[in-house]
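Visitor: Residue-level listing of the chains:
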Amino acid sequence: MTTLTNDGKKSLPHTHTPGNPAVWVFVLSEMSEFAFFFIVFLVVKLLHPELFSTGPAQLNTLAGLANTALLITSSWFVANAVKATKSGHREKTISWLALTIAAGLLYCAIKYLEYRWNVDHGITTRTNLFFSLYYYLAFNHLLHVLIGICVIGWALLQSWLGAYDAEDHEGLEGAATYWHMIDLVWILLFPLLYIVG
Amino acid sequence: MRHLTQNSLNRTWLILIGLTLLTTAIAESSALTTVSVTAITLIVIVKGRLIIREYMDMKSANPVLYWALIAYMVLFSTAMPLSFLFG
Amino acid sequence: MKYESQKVAKPYFIFALILFAGQVLFGLIMGMQYIDGDTLFPYIPFNVARMVHTNLLIVWLLFGFMGAAYYLIPEESETELFCPKLAIVMFWVFAAAGVATILGYLLVPYAELARLTGNVIWPTMGREFLEQPTITKLGIVVVALAFIFNIGMTVLKGRKTVINLILITGLIGLAVFFLFSFYNPINLALDKFFWWWVVHLWVEGVWELILGAILAFVLVKITGVDREYIEKWLYLIIALTLISGLVGMGHHYYWIGTPKYWLWLGSFFSALEPIPFFMMMLYAFSVVKKRRINPNNKIATTWALGTATMAFLGAGVWGFIHTLAPVNYYTHGTQITAAHGHLAFFGAYAMIVMTIISYAMPILRGREEGNPPEAQKVERIAFWLMCISMIGITLALTAAGVWQVSLQRLPETGATGFIDTQTQINPVYWIRLLLGLLFTAGLAAYLASFFISGRTESRSA
Amino acid sequence: MSERITKSMARNIYFGGSLFFFLFLIGLTFDTMGELPKRDNRENITASVALGKKVWEENDCIGCHTLMGEGAYYAPELANVFNRRGKGDEKTFKQFMKVWMSIQPMDKPGRRKMPQFNLSDEEVNGLADFLIWTSRINDNDWPPNIEG
Numbered sequence: 008m009t010t011l012t013n014d015g016k017k018s019l020p021h022t023h024t025p026g027n028p029a030v031w032v033f034v035l036s037e038m039s040e041f042a043f044f045f046i047v048f049l050v051v052k053l054l055h056p057e058l059f060s061t062g063p064a065q066l067n068t069l070a071g072l073a074n075t076a077l078l079i080t081s082s083w084f085v086a087n088a089v090k091a092t093k094s095g096h097r098e099k100t101i102s103w104l105a106l107t108i109a110a111g112l113l114y115c116a117i118k119y120l121e122y123r124w125n126v127d128h129g130i131t132t133r134t135n136l137f138f139s140l141y142y143y144l145a146f147n148h149l150l151h152v153l154i155g156i157c158v159i160g161w162a163l164l165q166s167w168l169g170a171y172d173a174e175d176h177e178g179l180e181g182a183a184t185y186w187h188m189i190d191l192v193w194i195l196l197f198p199l200l201y202i203v204g
Numbered sequence: 002m003r004h005l006t007q008n009s010l011n012r013t014w015l016i017l018i019g020l021t022l023l024t025t026a027i028a029e030s031s032a033l034t035t036v037s038v039t040a041i042t043l044i045v046i047v048k049g050r051l052i053i054r055e056y057m058d059m060k061s062a063n064p065v066l067y068w069a070l071i072a073y074m075v076l077f078s079t080a081m082p083l084s085f086l087f088g
Numbered sequence: 026m027k028y029e030s031q032k033v034a035k036p037y038f039i040f041a042l043i044l045f046a047g048q049v050l051f052g053l054i055m056g057m058q059y060i061d062g063d064t065l066f067p068y069i070p071f072n073v074a075r076m077v078h079t080n081l082l083i084v085w086l087l088f089g090f091m092g093a094a095y096y097l098i099p100e101e102s103e104t105e106l107f108c109p110k111l112a113i114v115m116f117w118v119f120a121a122a123g124v125a126t127i128l129g130y131l132l133v134p135y136a137e138l139a140r141l142t143g144n145v146i147w148p149t150m151g152r153e154f155l156e157q158p159t160i161t162k163l164g165i166v167v168v169a170l171a172f173i174f175n176i177g178m179t180v181l182k183g184r185k186t187v188i189n190l191i192l193i194t195g196l197i198g199l200a201v202f203f204l205f206s207f208y209n210p211i212n213l214a215l216d217k218f219f220w221w222w223v224v225h226l227w228v229e230g231v232w233e234l235i236l237g238a239i240l241a242f243v244l245v246k247i248t249g250v251d252r253e254y255i256e257k258w259l260y261l262i263i264a265l266t267l268i269s270g271l272v273g274m275g276h277h278y279y280w281i282g283t284p285k286y287w288l289w290l291g292s293f294f295s296a297l298e299p300i301p302f303f304m305m306m307l308y309a310f311s312v313v314k315k316r317r318i319n320p321n322n323k324i325a326t327t328w329a330l331g332t333a334t335m336a337f338l339g340a341g342v343w344g345f346i347h348t349l350a351p352v353n354y355y356t357h358g359t360q361i362t363a364a365h366g367h368l369a370f371f372g373a374y375a376m377i378v379m380t381i382i383s384y385a386m387p388i389l390r391g392r393e394e395g396n397p398p399e400a401q402k403v404e405r406i407a408f409w410l411m412c413i414s415m416i417g418i419t420l421a422l423t424a425a426g427v428w429q430v431s432l433q434r435l436p437e438t439g440a441t442g443f444i445d446t447q448t449q450i451n452p453v454y455w456i457r458l459l460l461g462l463l464f465t466a467g468l469a470a471y472l473a474s475f476f477i478s479g480r481t482e483s484r485s486a
Numbered sequence: 111m112s113e114r115i116t117k118s119m120a121r122n123i124y125f126g127g128s129l130f131f132f133l134f135l136i137g138l139t140f141d142t143m144g145e146l147p148k149r150d151n152r153e154n155i156t157a158s159v160a161l162g163k164k165v166w167e168e169n170d171c172i173g174c175h176t177l178m179g180e181g182a183y184y185a186p187e188l189a190n191v192f193n194r195r196g197k198g199d200e201k202t203f204k205q206f207m208k209v210w211m212s213i214q215p216m217d218k219p220g221r222r223k224m225p226q227f228n229l230s231d232e233e234v235n236g237l238a239d240f241l242i243w244t245s246r247i248n249d250n251d252w253p254p255n256i257e258g
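Protein chains in written order, with this note's numbering: chain W, 8 to 204; chain G, 2 to 88; chain F, 26 to 486; chain B, 111 to 258.
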């Protein structure tokens, strides 16, 4: 048995991966789950091309567009929050994180309006396979936004309690990574559901 | 404006919003063609890459993770024109 | 080995692994039966194969937990086991009862087994996972009581640590909730309601305490990290486990006749259930990162980190996929449930037993410094083979489940019937079977690693 | 993250939290026990239904089938088989059950096989009654369609 003299990490000087291994297992498993449903989506599309060529036009593109803009903006907020912490501005971090949560909540509100709009236009989970998949993917994404809001909320709380400083902010980076993942997935979902099908 | 674009986070935000509007404009202007779907796909890849590099700050991260993220975006966005062509 | 009586863990571990091999064998048989319904019919009908598969799983995990407790309780309590002889006697009682029950499943028709064991007097048989004859169930209670008595007396006379207190809480909970298996009302809704008090409160409740305690013990030993730090995390993790998991039982109360409010309660609390698993993974990685010692038994660390990760994937992610009531309405009782079951049981419970075996077995065999590198290399290959093929099986079953839902559950009219759906899914079952063979190869490599003795038996620091 | 949480705080969260939610679960259980009689049509449990449940259990039917979605996933869901095969008519369903149980195992190569259980007429009748009773439990409209 040997006692380690250093921390046992063989890190190269200029590499830095945000977050930690556990966060990345989480993020990658979530992305795999979405990947799985992307594949299902494409397979069903090959089997029923007619549903998928007419489906996207029936959805509310404006809602999709607004939510894309919101998520991009929220990613920008989060990135600013991390940047603020790195330069030691705790108050700024808290404001940026609060803005992120606000954007997330606004996203949920738009989703709610969109679902109501859908019901008024006779689009339900069982209208056809395209809409079933649209609902599954969009609803699943909405859930991840809700989880993301909790995660960012937790980071905000930690930040408020002074848990992070310019050197040590792994938790904040982890939360930010999770939030950006939500954004990345939506960037794929937006054209897939609302435009191309 | 000048102050806004000097900051790379802000600049990225402007580009991303612009690209999103462009996507919608392409989609709404006419019926989808192979060319327009390919354009939309390229925009998705550019957007994904910007977020991964600038916002997630993966430029100097573990290269396996970095390329896995990039590959994810490329793979699933190119499935769109492919399924459009052969679907 | 610090205490002589820790040795009683050895037969428990060995027998657990033998049963594990049996479980996998019957898994393969069922994998074949999914593809070709004539396989081994009528000698081993599917229900018999499944009963053997799941019962072996439960019994080998119990052997593993008992072995783990016999190993770690003396070391944590800093005293010899209260009565090592009792532990050995109970080993033989439990092993004999287990083998007799499995043989009963295989050699006589189940109805005949029920008649022979007097199921009429006190009917408890024929419910999923609780198929054991009533006398076997009573035997399990006797063994569990003797075991808890032995462990409890050891803790009482020795040092009390958070790890041994949580372990014993988990073990007592295991025994107490098993008592619900003796309650079998004629009213099916009631029957199902309390059946979950065994099944759910085991696997999503008290077993997680056992898992947490074993993992914490191994992490203390292989990293040398301050006990205070590890124990604080352990408290937080099991606190969240129970806070989310107790009422999380509601996700089983959606469609069995129970009131509608369970749809909300179950969805909300079970959506929180991945959090303790995520914390466990976070903590395992952070403890290993902080490690102060670097033992030669490197593979034990791999198992510990692997358990935390795979438990999160199987119990956390795959549980969450279908836990919300609106989703579960369509996925309940499909292959998606099977997918979750496989990865969760393997990732959380099979792997924690292999973790403690990987840490403790070399010491029990007199290899205080861990297995020789040659053996560890094979064990590492086995680790990856088993993990990757189990993830593959899970993905295949998930695909099968999604396919099944789209054909059989989603269409309001003109849905495909069950058997026709299964026939269409057949290609995926082939993939699952091939991955099952890969898993078997992994298990074979794992078992083989015990027989490799390197040229350098003991290495000094 | 948890630097400010001390071990004793963590212990209190564990004891307090699990005790609270265990009591909450007990409370919910009592409430459910009060609600169940309105939903599980227990007043219709006859001796024949009880016999049916015994037959169901002593032949390990759950080892292949699901019942209200629980069990093995090898053979069809049976909580709604009364509606699927009997079209909701007791006589039709009992006739179906009698024939169905007698022709097992079916001679179709490769098809999943159901063993011959050699049940008496009374037992088959009881099993049918048990499944009819089960189909009338209010289970929040599960399964989504007749195929189960």
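Keep in mind that the hints are not guaranteed to be accurate.
Using C-beta positions, here's what the derived DEER-type ranges look like [unchecked claim]:
id	chain 1	residue 1	chain 2	residue 2	range
1	F	VAL118	W	LEU53	55 to 61 Å
2	W	TYR119	F	ALA466	24 to 30 Å
3	F	LYS402	W	TRP124	56 to 62 Å
4	W	GLU57	G	ARG12	40 to 46 Å
5	B	PHE132	W	GLY169	32 to 38 Å
6	G	ARG12	F	LEU53	56 to 62 Å
7	W	SER102	F	ASN451	37 to 43 Å
EDC-like cross-link-like pairs, simulated, lysine to aspartate or glutamate; straight-line CA separation at most 16 Å [unchecked claim]:
id	chain 1	residue 1	chain 2	residue 2
8	B	LYS117	F	GLU103
9	W	LYS90	W	GLU174
10	W	LYS93	W	GLU40
11	F	LYS285	B	ASP141
12	B	LYS201	B	ASP231
13	B	LYS117	F	ASP63
14	B	LYS117	F	GLU253
15	B	LYS117	B	ASP141
16	W	LYS90	G	GLU55
17	W	LYS90	G	ASP58
18	F	LYS314	W	GLU57
19	W	LYS93	W	GLU174
20	F	LYS32	F	GLU137
21	B	LYS218	F	ASP251
22	B	LYS218	B	ASP251
23	F	LYS285	B	ASP199
24	W	LYS90	W	GLU37
25	W	LYS93	W	ASP175
26	W	LYS93	G	GLU55
27	B	LYS218	F	ASP63
28	F	LYS110	F	ASP216
29	W	LYS93	G	ASP58
30	F	LYS323	F	GLU253
31	F	LYS315	W	GLU40
32	F	LYS285	B	GLU232
33	F	LYS185	F	GLU137
34	F	LYS315	W	GLU177
35	W	LYS90	W	ASP175
36	B	LYS218	F	ASP61
37	B	LYS117	B	GLU145
38	F	LYS27	F	GLU393
39	F	LYS314	W	GLU37
These are calculated hints, taken from the structure and not from any lab test.
C-beta: ideal position from N, C-alpha, C; glycine also.
Visitor: Each hint needs a verdict: does it hold in this structure or not?
Guide: Results of checking the hints against the structure:
1. Between F/VAL118 and W/LEU53 the C-beta distance comes to about 59 Å, which sits within the given range of 55 to 61 Å.
2. Between W/TYR119 and F/ALA466 the CB atoms are about 51 Å apart, so this pair departs from the stated range of 24 to 30 Å.
3. Against the hinted window of 56 to 62 Å, the Cβ-Cβ separation of F/LYS402 and W/TRP124 comes to about 60 Å, which satisfies the hint.
4. Roughly 42 Å separates the CB atoms of W/GLU57 and G/ARG12, a value that falls within the hinted 40 to 46 Å.
5. A hinted range of 32 to 38 Å for the beta carbons of B/PHE132 and W/GLY169 is consistent with their spacing of about 35 Å.
6. Between G/ARG12 and F/LEU53 the beta carbons are some 58 Å apart, a value that agrees with the proposed interval 56 to 62 Å.
7. The hint said 37 to 43 Å for the Cβ distance between W/SER102 and F/ASN451, and at roughly 57 Å that hint is violated.
8. A C-alpha spacing of about 22 Å is found between B/LYS117 and F/GLU103, which places the hinted pair above 16 Å, so the restraint is violated.
9. At most 16 Å may separate the alpha-carbon atoms for a hinted pair to count; W/LYS90 and W/GLU174 meet this at roughly 12 Å.
10. Restraint check for W/LYS93 and W/GLU40: the C-alpha separation of about 32 Å exceeds 16 Å, so the hint is violated.
11. Straight-line distance between C-alpha atoms of F/LYS285 and B/ASP141 comes to about 12 Å, which keeps the hinted pair within the 16 Å bound.
12. Our distance criterion of 16 Å between C-alpha atoms is met by B/LYS201 and B/ASP231, whose separation comes to about 14 Å.
13. Distance check on the hinted pair: B/LYS117 and F/ASP63 sit about 58 Å apart at the alpha-carbon level, beyond 16 Å; violated.
14. Restraint check: the Cα-Cα separation between B/LYS117 and F/GLU253 comes to about 7 Å, which is no more than 16 Å; the hinted pair holds.
15. For the hint linking B/LYS117 to B/ASP141, the alpha-carbon distance of about 36 Å lies beyond 16 Å, and the restraint is violated.
16. For the suggested pair W/LYS90 and G/GLU55, the alpha carbons sit about 11 Å apart, so the restraint of at most 16 Å is met.
17. Taking the CA atoms of W/LYS90 and G/ASP58, the gap is about 10 Å. The hint holds against a cut of 16 Å.
18. Between F/LYS314 and W/GLU57, the direct Cα distance comes to roughly 53 Å. Violation of the 16 Å bound is thereby established for this hinted pair.
19. Taking the CA atoms of W/LYS93 and W/GLU174, the gap is near 7 Å; set against the 16 Å cutoff, the hint holds.
20. With a CA separation close to 40 Å, the supplied pair F/LYS32 and F/GLU137 exceeds the 16 Å bound.
21. Restraint check: the Cα-Cα separation between B/LYS218 and F/ASP251 comes to about 64 Å, which exceeds 16 Å; the hinted pair is violated.
22. Restraint check: the Cα-Cα separation between B/LYS218 and B/ASP251 comes to about 34 Å, which exceeds 16 Å; the hinted pair is violated.
23. Restraint check for F/LYS285 and B/ASP199: the C-alpha separation of about 28 Å exceeds 16 Å, so the hint is violated.
24. Simply put, W/LYS90 and W/GLU37 have alpha-carbon atoms about 25 Å apart, too far for the 16 Å limit, and the pair is violated.
25. Between W/LYS93 and W/ASP175 the CA atoms are separated by roughly 9 Å; this keeps the pair inside 16 Å, and the hint holds.
26. Only pairs whose Cα atoms come within 16 Å are accepted, and W/LYS93 paired with G/GLU55 is accepted, the gap being roughly 15 Å.
27. With a C-alpha separation of about 9 Å, the suggested pairing of B/LYS218 with F/ASP63 holds against the 16 Å cut-off.
28. Our distance criterion of 16 Å between C-alpha atoms is broken by F/LYS110 and F/ASP216, whose separation comes to about 39 Å.
29. With a CA separation close to 12 Å, the supplied pair W/LYS93 and G/ASP58 stays within the 16 Å bound.
30. A C-alpha spacing of about 23 Å is found between F/LYS323 and F/GLU253, which places the hinted pair above 16 Å, so the restraint is violated.
31. This hinted pair does not check out: F/LYS315 and W/GLU40 have alpha carbons roughly 31 Å apart, beyond 16 Å.
32. Our distance criterion of 16 Å between C-alpha atoms is broken by F/LYS285 and B/GLU232, whose separation comes to about 36 Å.
33. A distance of roughly 48 Å separates the Cα atoms of F/LYS185 and F/GLU137; the hinted pair therefore is violated under the 16 Å criterion.
34. Proposed proximity of F/LYS315 and W/GLU177 is supported: the alpha carbons are some 15 Å apart, at most 16 Å.
35. About 13 Å separates the Cα atoms of W/LYS90 and W/ASP175, which keeps this hinted pair within 16 Å; it holds.
36. Proposed proximity of B/LYS218 and F/ASP61 is supported: the alpha carbons are some 11 Å apart, at most 16 Å.
37. Between the alpha carbons of B/LYS117 and B/GLU145 the distance comes to roughly 41 Å, so the proposed pair goes past 16 Å and is violated.
38. Between F/LYS27 and F/GLU393, the direct Cα distance comes to roughly 10 Å. Compliance with the 16 Å bound is thereby established for this hinted pair.
39. Restraint check for F/LYS314 and W/GLU37: not satisfied, since their Cα atoms lie roughly 24 Å apart, outside the 16 Å limit.
When each numbered hint is compared with the structure, violations occur for hints 2, 7, 8, 10, 13, 15, 18, 20, 21, 22, 23, 24, 28, 30, 31, 32, 33, 37 and 39.
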